[in-house]
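Number of protein chains: 2
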Amino acid sequence: MTRYLFDNATIVTLDPEDHIYDRGQLAIEGETILSVGRAPDDFQPDERIDLGGRVVMPGLYNAHTHAAMTFARGYAEDLPLERWFNERIWRLESALTPEIVYWGTALAAVEMIRGGIVGFGDMYFHMDQVARVVEESGMRATLAWTVFGQGEEVGITVPETVDFVHHHNGAAGGRLRALFGPHSPYMCPDAFLARTAAVAYREGIGIHIHVAETPEQVKLAWDQYDMSPVELLGNRGLFETHTIVAHAIHVNEVDITTLANKQVHVVQCPSTYLRYAMGVAPVPEMLARGVNVALGTDGAGSSVALNMWREMRLAVLMQRQAHGDPTLMPGSLPLHMAAANGARALGFPQSGVLAPGNAADLIVIDTTAPHFQPLHDVIAGLVWCTEPADVRDVMVAGRWLMRDRNLLTLDEEAILSGFREALSEMLGRPLGQFRTYDVG
Amino acid sequence: MTRYLFDNATIVTLDPEDHIYDRGQLAIEGETILSVGRAPDDFQPDERIDLGGRVVMPGLYNAHTHAAMTFARGYAEDLPLERWFNERIWRLESALTPEIVYWGTALAAVEMIRGGIVGFGDMYFHMDQVARVVEESGMRATLAWTVFGQGEEVGITVPETVDFVHHHNGAAGGRLRALFGPHSPYMCPDAFLARTAAVAYREGIGIHIHVAETPEQVKLAWDQYDMSPVELLGNRGLFETHTIVAHAIHVNEVDITTLANKQVHVVQCPSTYLRYAMGVAPVPEMLARGVNVALGTDGAGSSVALNMWREMRLAVLMQRQAHGDPTLMPGSLPLHMAAANGARALGFPQSGVLAPGNAADLIVIDTTAPHFQPLHDVIAGLVWCTEPADVRDVMVAGRWLMRDRNLLTLDEEAILSGFREALSEMLGRPLGQFRTYDVG
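The listed protein sequences correspond, in order, to chains B and F.
FYI, in the working numbering the residues of the first sequence are 116 to 555.
FYI, in the working numbering the residues of the second sequence are 116 to 555.
Label-pair ranges, simulated between beta-carbon atoms: (1) Arg404/B <-> Glu331/F: 27 to 37 Å; (2) Arg198/B <-> Ala403/F: 21 to 31 Å; (3) Glu162/B <-> Gly289/F: 51 to 61 Å; (4) Asn521/B <-> Gly168/F: 22 to 32 Å; (5) Thr551/F <-> Gly439/B: 15 to 25 Å; (6) Glu527/F <-> Asn521/B: 19 to 29 Å; (7) Glu162/B <-> Glu331/F: 52 to 62 Å; (8) Gly168/B <-> Gly439/F: 37 to 47 Å; (9) Arg138/F <-> Asn367/B: 47 to 57 Å; (10) Gly439/B <-> Glu527/F: 33 to 43 Å; (11) Gln548/B <-> Gly145/F: 51 to 61 Å.
Chain B is nowhere near these chain F residues, computed Cβ spacing over 10 Å in every case: (12) Asn123; (13) Arg163; (14) Gly270; (15) Ala287; (16) Asp341; (17) Pro545; (18) Gln548.
Derived from the structure by calculation, the hints contain no laboratory data.
Fair warning: this is a prediction, and the values are worked out from it, not measured in the lab.
We treat Cβ as the ideally placed atom computed from N, Cα and C, and that holds for glycine.
The task is simple: from the sequences and hints, build the whole structure.
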C-alpha cells in the first residue's frame, strides 16, 4: 500500500462548500484519500510530491460518450443532424468491427487521460472490447451495450446483455460498472423499453439512454403516445432504477419535475449541441430543481474533441447567450458538474470530491504556466484557462495513469499503430446501411 | 539571408481557393516565401525541416486586444458588463503604470506566440511600452493609444498621438504599425471624433475604435444624434481612412451596408460576448455583404484567455446556436477569419496566406498528436482539435519566434518575474476612479 503526500498544493476540493486550501497537504494511503489540508503528524509517505503551488483537484468524468468513435473524428462536418446520421455516421458504422472498437476506445482513453478525465460513461457496441481498455488503462467507466430491440443487434443478443452486465459490473477492482443501453425512445419499440425497465428493476441494473435530442423526436412521442419522450420513459418504468439520460434538451416543466423526483441523472454534451445547432436545454432550471446534471463529450464523430474543459466552458456560454444573462452558471459550478455530478451519475459516489475517505482520484494542473498568470481567482483560472495539455498528472484509486505528461498504463505508440491498422481495415470494407434515423 | 525548406509538409495555404498540399514543400528565402508546393530544383536551403506530415499554415492574427490586461485575468467574473467596467476593471486601471503595461504585454506576447499568434491589434495606454514588446518579441502589431478626448488622457496628450503614430508606423522593419485610438462613440465627445477623423484623413493615419457593444450604447446614439453609432462614425468621417471597428454587435442593415461600402474592418471577440452575454453580431450577413470580419481575443480581463483557436470555434458555435443552423460558418472559414482577414484588418496584406512572395509568417501544428487522429479532414482537425499547446513552431518574417515549444525571442522566466513585481507594485497603489461607464 503506497502512501503519497502532496505538499505545497492549492487543493481545490470541489466539496459542497468549495473549500480551497492554499499551500496545503493531501495525504493518500493506498486507494484512498487519508486527509485534506494537513497530513496527520505521524504520516510517513513513501513519496512526498511538492506541487509548488500547483492545483490538485478531483479528476473529471466524461459522463456520456461513444469512446470508440474516435474513428469518425471530423468525418461528418457542417451537416444537419439527420444527414450526419444517415449519410455519414451510420453508414460508416455498417463496417464496424470489434477491432476498431478496441483500438478506437484505446485512442480515446489516451486523449481522455491526457485531458484529466478519470472516468467515462460509454454507450456503444462490442462493449467487451471497451471493458478491456478500462481494465488496461486504469480508468473508471460505466458501460452500456447499445441495443435497439428490433430483433437485430450488434455483437450481442438482448438476453446476453444481462450476462454482460452481471459479468462486468464491479469488475476491475470496482472501477468497472455496467448497465443497460436501450438506444432511445425514438429507435426502440415501446414494448422493448418497458421490458428493459422491468428486467433492470428486477435485477437491480441501471440504464443509460438517449432522450429528447430534437424537437422532431418530441413531436414523434406526442404523436405516437400522447406523451413527451421523458414522460414515456417514466411511464414505461425506466426511471425506477439508476438511470442516466443523455441530452434531454427539449424538455418541458413536467419533464423536469419527473427527472428531479425520480432522481434521474442528466448528461449534457454542449459541443455536439452547438456544432449541430440542436438547441439549449434548461440546465439552470434543472439544477435549481435538484436534478443531477453532468457533462459529457458525446462521441468524437459529433464533438471532434474529447475535451471536458471545453464542455465546461460551452455549458456556461451557451446558457449565457440563450438567456442574455452573464451571471448564469457562475464560479465553480461547471467544475462540480464535470467532477462530482459526473461521478454520481456514473455510480462512483466516492469520487469527484477531494475528501478524507474518498477514492484517490485526482489530477494536478500546472497552474504555473504563463497563460494562468496572475491567478487572481483559482476557480476562474481552472474553468477559463485550462486546456488538456495543462493536466500534468492523473491518479485513479491511488494509481498513477499519467505523470509529468507520460502515460503509465497505456502504450501510446502501440495504440496509434493498432488504431491505424484497424481503421484501414474498416475503411476497406464495403459500406452498407446500418440504421436509419427517420423521425419527423 | 537564411533559406529554409519545409519538406513532407501538409501545407494549408488558406489562399482563396483553399489549396492544400499533401506532403509538399515550402521554400523560404529571407523574410519571404519563395515557393509553395514544390521547391525550385536549384533551391539550396540552409536548413531542411522534415515535418513528417505535420501542418504548416499561416500564423494567426489577434485583431483586437488590450494585451497588457493580462494583469486583470480572472479579476472580474460573472458580472454584468457595466459592473465589470465600473466596479472592477476601470477601478483597477486607476493604478495603471507604464511598468505593468510593459510586463503585462510581454506576458501576453508569451501566451500569444505559444498559441500561434503572429500579430495583434492593440488598443491601450502607454503604448510606447507595447512597442518595446513588439520590437523585442519579433511579432507584428498595429498599435493604437486609447484616448477619450475629454481633456485628460493616460500618459499622452491628444496632439502627441500624431507624433506617436508617425514615430512608430512602419518601425521594427515594418512589423510595427500605428494608428489613432479614439475609445468609442459612447466615451468620446462628438466634436473630438470628427476632429480625429479629419486629422486621420489628412495625415493618412488609420483608426481603431470600439462600437455598438450593447443595446444601451445604440439607444444612446439614437437619443443624442438620431443615428446609430455606426452611422455616427461614418457621418463624422471616421470611415474615410483604414478603420478597424471592434465589436459592431448591435448593428442594423444600413450599418452593414455602410461597413461594406466603406471597407471598414470589423473584429469579433466571441469569448467576451458570450461570457458577458452581450449578444450575437450578424457575422454571416456581414461576410455575405463583403465586410472583412476578423477575430480577436479582447483583453484577458474579459476573455481570460488569449486563445485564437477558442475564438475561432466560438465564432462558429454562437452563430449556429443563434440561428439554429448547423451549416453556418462551415469548413475553413474561421481559419480565414483568424489569418488573412486579421492580417488585412491590421494592415499586413502580405501575411495570412501561404503564397510565393508573401511574408514568411507561419506556424507548424503538431497534427500527429493523438487527439487529432484520424485526420479524415485536415481543416476540421485544425478548427476543432487544435489547442495552443499543439503549435510547435512560430515564424515571423523568416525569423523563428518559437521552435519545438521553446521561445527564442522572449525570456519567459524573466517576464514572469518582472510581471509579478510590476503587478504587486500596482496592487499596492490606492485604487481610485478611472472612468465611468454610464450609458443607458
